[in-house]
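Kindly generate the complete structure, drawing on both the sequences and the hints.
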Amino acid sequence: MKKENVPQDSSSLGKITKEVCYATDSSGKYVTELSSGWEVKTNALDVAWKDIEERIARAKQQVLNGKASPLLFFMEYRLMDINILSDYTGFWKWQIKRHLKPEIFNKLSSKKLQKYAEAFNVKVEYLKTMTVYEA
Amino acid sequence: MKLDFEHHQSAHCESGVTSSLLRKSATNKITEPLAFGIGAGLFFVHVPFIKINNGPAIAFRTFPGLIFKRTCIALGIAVVHKKFRSKERANNYLNQCLEEGHPVGCQVGVYYLSYFPREYRFHFNAHNLIVYGKEDDNYLISDPVMQAATTLTSYELERVRFAKGALAPRGQLYYPKNEKIITDEQIKNAIIKGIKTNVKQMLNIPGWFAGVRGIKYTGKKIKNWRDKLGLQKAGLYLAQLVRMQEEIGTGGGGFRYIYAAFLQEAYDYLLKDELLEISKIFTQSGDLWRTAAVQAAGIYKGRISSQEDFNLMGDYLIEISELEKKAFLMLKNIKWQ
Chain P
876 MKKENVPQDS SSLGKITKEV CYATDSSGKY VTELSSGWEV KTNALDVAWK DIEERIARAK
936 QQVLNGKASP LLFFMEYRLM DINILSDYTG FWKWQIKRHL KPEIFNKLSS KKLQKYAEAF
996 NVKVEYLKTM TVYEA
Chain C
1258 MKLDFEHHQS AHCESGVTSS LLRKSATNKI TEPLAFGIGA GLFFVHVPFI KINNGPAIAF
1318 RTFPGLIFKR TCIALGIAVV HKKFRSKERA NNYLNQCLEE GHPVGCQVGV YYLSYFPREY
1378 RFHFNAHNLI VYGKEDDNYL ISDPVMQAAT TLTSYELERV RFAKGALAPR GQLYYPKNEK
1438 IITDEQIKNA IIKGIKTNVK QMLNIPGWFA GVRGIKYTGK KIKNWRDKLG LQKAGLYLAQ
1498 LVRMQEEIGT GGGGFRYIYA AFLQEAYDYL LKDELLEISK IFTQSGDLWR TAAVQAAGIY
1558 KGRISSQEDF NLMGDYLIEI SELEKKAFLM LKNIKWQ
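If you read the protein sequences in the order shown, they are chains P and C. Residues in the first sequence are numbered from 876 upward in steps of one, following the working numbering. Residues in the second sequence are numbered from 1258 upward in steps of one, following the working numbering.
I should point out that these hints are in silico values taken from the structure, not numbers from a laboratory. Please note that a few of the clues may not be correct.
Simulated pairs of lysine to any residue, SDA-like, Cα-Cα distance not exceeding 20 Å [said to hold, decoys possible]:
#: 1; chain 1: C; residue 1: K1308; chain 2: P; residue 2: E928
#: 2; chain 1: C; residue 1: K1589; chain 2: C; residue 2: T1408
#: 3; chain 1: C; residue 1: K1308; chain 2: P; residue 2: L920
#: 4; chain 1: P; residue 1: K890; chain 2: C; residue 2: T1408
#: 5; chain 1: P; residue 1: K1003; chain 2: P; residue 2: Q937
Quick caveat: nothing in here was measured; it's all calculated off a predicted structure.
Below you can see the structure in the form of structure tokens.
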């Protein structure tokens, strides 16, 4: 890629930092050039997030319908699968699967809820209401 | 406390950290491309049957940690490398290193990395940054992909050092044990060693899904994605491929441009004309990866959607596979002595 072709599209990262690209100058020698973003990859990221938003919405609906506990919502929200959540909380995977059932989740001790709250970085009282605040 | 350390932005986190940590020893000679090349960073792998973030598990670079390790071994630099079970001990050790005057490389997860924009925060645990001081409760952080140095509170740093999931960092930290002057002769030998390792890694690795064969494998698979996955999921998969290839840390073109830059710098040390010629092939390869990315974007944006479009996408990768095979064979055949 030639230096003058390094894309300078806008992106969410570009507002915080530009990134280094390697490109050739007029003599063919490699130099570094800062890029504010490239539409092609911004779109790729958008596609990924659109899918995540859909998953979150589906999870929320399932919780509201009483088919799953709020854990499902927070797992999708925090992009966690059972493996990651198990690593963060120290619960076994089969325990988490049980806790995904609303009737069992509702009876969890406050100690266990606290572990989930920490893993999801939310306050315990928001676990049940599916409330999230992003800084 | 602030150590004598200058933040330096780079494209790729691990190569950048390596280059920065070796700056004193090597009097600025180990640039990012040299670290990437000596560490034999260039790779391709598409692990079958495994999904990452609900998409294909594809990487364009070698396993995390190897670049630093290989570069230091090749240059004869002793390394301190630690993982921890206890958060407290991990913190104490870090503080002790800083007190002894060592800037320290840390492996971290990006999900809770507070200075990254939310859109970039996935459970990716192989990010690297340098801690070079502490003021009150704030650690001074040099993250190589950021333009400026930054800070993390001790809680924030602990959280990312103990991120969980695949490749969990477990507080991993590393730094060169002592400052040792590196000679040009050592750099020359390290470059040759790095090239040889990378040749093996791309040409001779067993299995059908890694190295240059892996690129062809992915190319062939892509042609089936439309029928097998349906358009929406196929689009998601292609978007994931493009992100692995182009997202922050790659220098563009799936690290192929950094490698091309490395070969030019290698020429300055070794004066083998072939290196410049092969560098051009990697530039071509990087360009072709980006052409493929534009094609992929057409698909995931829904602008194009026919089977021919998927075939063309797959053919790009098959062409890249041939091109890189040629380049690595040329590297393999260089007579060094």
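Hint check:
1. C/K1308 / P/E928: holds (19 Å)
2. C/K1589 / C/T1408: violated (44 Å)
3. C/K1308 / P/L920: holds (17 Å)
4. P/K890 / C/T1408: Between P/K890 and C/T1408 the Cα gap is close to 18 Å, so the pair holds against 20 Å.
5. P/K1003 / P/Q937: holds (14 Å)
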